[in-house]
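Student: Given next are the chains, with one letter for each unit.
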Amino acid sequence: MSDTLARQDRLRALMLLSPAYLWLTVAVFLPLSAMAFFSFLTDLPFGGRQWSITLANFAAFFQTPTYAILLWKSLQLGLIVTLLCVIIAFPCAYVLAKVIKGRWREAMFLLVILPFWSNSLVRVFSWAIVLRGNGVLDRAVNAVLPWDVKVNLMFSQSAIVIGLVHSYLPYVILTAYLALQALDDSLIEAARSLGAKKRTILWRIILPLSLPGLIAGAVLVFVPVVGSFMEPRLLGGRMGTYYGTVIEDQFVAVFNWPLGAALSFILLAVVLVILAVASPVLRRAQI
Amino acid sequence: MKRLLLTTAAVLAGSSAFAEEIRVLNWQGYGTDIDWALAAYTEATGNTVVHEYFTSEQEMMTKLRTNPGAYDVVLVNSAFTAQMQAEGLLAAIDASKIPNFKDIDPAFAGNEDLNAGGALHGVPWTWGLTSFAVNTGDFATPPTSISVLWDPAYKGRISIRDDGLEAVQLAALATGQNINAITDLDAVKAKLTELMPQISTYWGSENDWNQYMAAGDLAAASYWSGSAARAISKGLPVAFVVPDEGAIGWLDGLSVPATSTKQDAAYTFIDWMIDPDFYVKWDAEGAPATSNMAAAAALPETSFNRSVLGDPAVVAKVQFMKPVSDDDRAKYLALWQELKAAQ
Numbered sequence: 001m002s003d004t005l006a007r008q009d010r011l012r013a014l015m016l017l018s019p020a021y022l023w024l025t026v027a028v029f030l031p032l033s034a035m036a037f038f039s040f041l042t043d044l045p046f047g048g049r050q051w052s053i054t055l056a057n058f059a060a061f062f063q064t065p066t067y068a069i070l071l072w073k074s075l076q077l078g079l080i081v082t083l084l085c086v087i088i089a090f091p092c093a094y095v096l097a098k099v100i101k102g103r104w105r106e107a108m109f110l111l112v113i114l115p116f117w118s119n120s121l122v123r124v125f126s127w128a129i130v131l132r133g134n135g136v137l138d139r140a141v142n143a144v145l146p147w148d149v150k151v152n153l154m155f156s157q158s159a160i161v162i163g164l165v166h167s168y169l170p171y172v173i174l175t176a177y178l179a180l181q182a183l184d185d186s187l188i189e190a191a192r193s194l195g196a197k198k199r200t201i202l203w204r205i206i207l208p209l210s211l212p213g214l215i216a217g218a219v220l221v222f223v224p225v226v227g228s229f230m231e232p233r234l235l236g237g238r239m240g241t242y243y244g245t246v247i248e249d250q251f252v253a254v255f256n257w258p259l260g261a262a263l264s265f266i267l268l269a270v271v272l273v274i275l276a277v278a279s280p281v282l283r284r285a286q287i
Numbered sequence: 001m002k003r004l005l006l007t008t009a010a011v012l013a014g015s016s017a018f019a020e021e022i023r024v025l026n027w028q029g030y031g032t033d034i035d036w037a038l039a040a041y042t043e044a045t046g047n048t049v050v051h052e053y054f055t056s057e058q059e060m061m062t063k064l065r066t067n068p069g070a071y072d073v074v075l076v077n078s079a080f081t082a083q084m085q086a087e088g089l090l091a092a093i094d095a096s097k098i099p100n101f102k103d104i105d106p107a108f109a110g111n112e113d114l115n116a117g118g119a120l121h122g123v124p125w126t127w128g129l130t131s132f133a134v135n136t137g138d139f140a141t142p143p144t145s146i147s148v149l150w151d152p153a154y155k156g157r158i159s160i161r162d163d164g165l166e167a168v169q170l171a172a173l174a175t176g177q178n179i180n181a182i183t184d185l186d187a188v189k190a191k192l193t194e195l196m197p198q199i200s201t202y203w204g205s206e207n208d209w210n211q212y213m214a215a216g217d218l219a220a221a222s223y224w225s226g227s228a229a230r231a232i233s234k235g236l237p238v239a240f241v242v243p244d245e246g247a248i249g250w251l252d253g254l255s256v257p258a259t260s261t262k263q264d265a266a267y268t269f270i271d272w273m274i275d276p277d278f279y280v281k282w283d284a285e286g287a288p289a290t291s292n293m294a295a296a297a298a299l300p301e302t303s304f305n306r307s308v309l310g311d312p313a314v315v316a317k318v319q320f321m322k323p324v325s326d327d328d329r330a331k332y333l334a335l336w337q338e339l340k341a342a343q
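Taken in sequence, the protein lines are chains X and E.
Per this note's numbering, the very first residue in the first sequence carries number 1; after that it's consecutive.
Per this note's numbering, the very first residue in the second sequence carries number 1; after that it's consecutive.
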């Protein structure tokens with residue numbers, strides 16, 4: 001009797017899980033395996049072209065310093081953007097979770113999520129209008145300041161960072177907000193009644209307890225930013241060549257899919273290594 | 001139009017071909033498939049035209065190799081004519097059967113790629129340039145040297161396309177080298193290294209380019225002649241420059257496949273395509289430059305293809321692009337990526 005029950009449970013679990021697994025297989029596993037396969041080919045197996053298995057695409061990464069330089073640049077960009085996102089998002093999330101109450105919180109929340117509803121390309125182009133010389137920012141600054149300044153941030157690393165931080169900030173605000181909301185107010189009250197200063201409360205109670213949320217948000221930002229290509233290309237101009245844009249070039253400009261796939265998997269490996277190395281720190285933060 | 005009818009009538013009289021179906025292989029939307037032109041051609045000759053399209057030169061060659069006899073006219077870029085002639089895919093052209101051929105610019109008719117194997121294998125049809133255009137707001141009179149791209153006065157207001165081959169060829173022009181036989185790649189690299197700080201951004205599309213130029217963000221930027229013509233006709237303040245150092249040119253020819261069974265009918269169609277009457281109407285819709293001197297002379301004075309590209313002095317400065325080997329292509333791409341990564 002208990003045997004059949006257990007079997008029924010298993011069957012039900014399998015049925016409930018199957019859509020998710022099917023989805024993962026079709027949307028993640030198959031395309032990724034196809035790309036993994038391509039990365040070992042000399043040419044695409046379409047249109048009757050000759051191809052064979054090779055490691056040359058992976059070797060190409062090490063043959064010139066170009067790719068390593070770009071990867072390093074992209075990792076730095078990822079770090080800067082992640083750091084800025086965390087620094088800006090934490091106070092926002094704190095205000096949302098602990099200061100504002102009721103309907104205002106809903107309104108503020110909507111404002112945080114609102115950018116998500118517009119296409120990311122539209123957001124990037126709006127930034128282009130703001131940042132360029134004689135653009136919105138330039139005119140605004142000159143309208144306020146009595147002396148003449150030239151503000152032209154377009155086509156610089158600053159423009160890329162601004163665009164990326166704006167795109168990814170909501171992730172960190174949301175994860176930090178969830179962590180902060182779970183934090184019991186009575187802990188803060190207890191600390192206060194025991195005479196702890198505001199800074200002590202922040203460092204000893206609020207920050208450590210909301211760290212899991214901040215780290216989850218940081219990982220959510222870091223990984224896509226390292227591989228980003230649209231923001232660097234549109235906002236960075238000449239300064240906008242990163243590892244992601246080189247991969248994009250392989251796919252859309254020079255049609256060297258095998259090399260593009262190999263470069264993508266090297267990026268995946270490097271990001272996984274970084275997360276693995278950081279994992280002891282991350283795990284300690286979660287406890 | 002009367003002349004056109006007479007010439008075609010003359011051709012028809014000289015050939016036994018009548019009411020044939022000609023199969024044309026070309027890029028889609030590239031001149032040979034304009035409705036009004038085909039209707040007029042069919043009316044004048046009785047021949048009907050069927051099109052098939054390709055999306056890359058490789059595809060075009062594959063189609064010719066695998067479907068012998070299926071095509072009568074094929075568009076071949078001069079950089080590919082020699083290779084295809086060597087493969088035996090193209091028939092030698094009998095220019096005496098193409099009345100309008102006498103008006104073809106001798107420089108094009110004698111092009112050594114089109115005359116691969118010692119005989120003409122492609123009738124020069126259209127051509128265009130890659131050079132640069134300037135903002136007339138910054139240049140009251142257009143410059144005559146490509147060195148303006150390196151002029152510190154325009155730092156941050158220069159742009160080129162994000163393309164390794166084009167960048168290398170522009171630098172080859174600036175260093176006085178033959179774009180088809182670059183001997184000193186180090187000089188090219190040094191020249192491009194100097195160019196990089198001048199550049200604000202790379203342009204990716206005609207639309208990009210026109211927007212940057214309209215906003216005054218750019219003072220000078222590499223551009224294609226056809227795109228410049230369209231930008232000027234839209235009223236943008238730009239002037240296309242063919243500098244003293246030269247410009248990169250491409251030349252498209254109409255060829256007859258060796259396996260075509262309707263070669264005489266094919267000649268009438270090629271003749272129709274290089275005819276001034278057709279070209280003048282096509283130019284009004286936005287055409288590349290013509291290789292036919294009579295057609296160029298028949299254009300209105302204001303036409304870009306006449307005022308800029310119709311000048312023989314301009315044509316003399318052009319270096320027509322030859323095939324680029326895969327090795328060279330890879331070398332140029334690596335150089336370009338290295339320069340971009342160093343920014």
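It is worth saying that the hints were derived from the structure and are not from the lab.
Keep in mind that this is a model prediction, so the values were computed, not measured.
Fair warning: there could be bad hints in the mix.
Claimed, not checked - Here are a few chain E residues that face chain X, going by a calculated C-beta distance under 10 angstroms:
| # | residue |
| --- | --- |
| 1 | S159 |
| 2 | I182 |
| 3 | D184 |
| 4 | L185 |
| 5 | Q198 |
| 6 | I199 |
| 7 | S200 |
| 8 | Y202 |
| 9 | G204 |
| 10 | A214 |
| 11 | A215 |
| 12 | A342 |
As the list claims (entries may be wrong) - Think about it this way: if two alpha-carbon atoms lie no more than 20 angstroms apart in a straight line, the pair counts; the simulated DMTMM-like pairs of lysine to aspartate or glutamate are:
| # | chain 1 | residue 1 | chain 2 | residue 2 |
| --- | --- | --- | --- | --- |
| 13 | X | K73 | E | E338 |
| 14 | E | K322 | E | E112 |
| 15 | X | K150 | X | D138 |
| 16 | E | K281 | E | D35 |
| 17 | E | K331 | X | D43 |
| 18 | E | K234 | E | E194 |
Claimed, not checked - One side of the interface only, derived from the structure: several residues of chain X facing chain E at Cβ under 8 angstroms:
| # | residue |
| --- | --- |
| 19 | T64 |
| 20 | L153 |
| 21 | L220 |
| 22 | Q250 |
| 23 | V254 |
| 24 | W257 |
Beta carbons are placed, not taken as given, at the ideal position from N, Cα and C, and that holds for glycine.
Student: All the hints need checking, so say for each whether the structure fits it.
Tutor: Right, here's what the structure says about each hint:
no., hint, verdict
1, S159, "8 angstroms, holds"
2, I182, "19 angstroms, violated"
3, D184, "21 angstroms, violated"
4, L185, "15 angstroms, violated"
5, Q198, "9 angstroms, holds"
6, I199, "5 angstroms, holds"
7, S200, "5 angstroms, holds"
8, Y202, "7 angstroms, holds"
9, G204, "8 angstroms, holds"
10, A214, "13 angstroms, violated"
11, A215, "8 angstroms, holds"
12, A342, "7 angstroms, holds"
13, X:K73 with E:E338, "13 angstroms, holds"
14, E:K322 with E:E112, "10 angstroms, holds"
15, X:K150 with X:D138, "7 angstroms, holds"
16, E:K281 with E:D35, "12 angstroms, holds"
17, E:K331 with X:D43, "18 angstroms, holds"
18, E:K234 with E:E194, "33 angstroms, violated"
19, T64, "6 angstroms, holds"
20, L153, "12 angstroms, violated"
21, L220, "27 angstroms, violated"
22, Q250, "10 angstroms, violated"
23, V254, "7 angstroms, holds"
24, W257, "15 angstroms, violated"
The structure fails hints 2, 3, 4, 10, 18, 20, 21, 22 and 24 (numbered hints given earlier, in ascending order).
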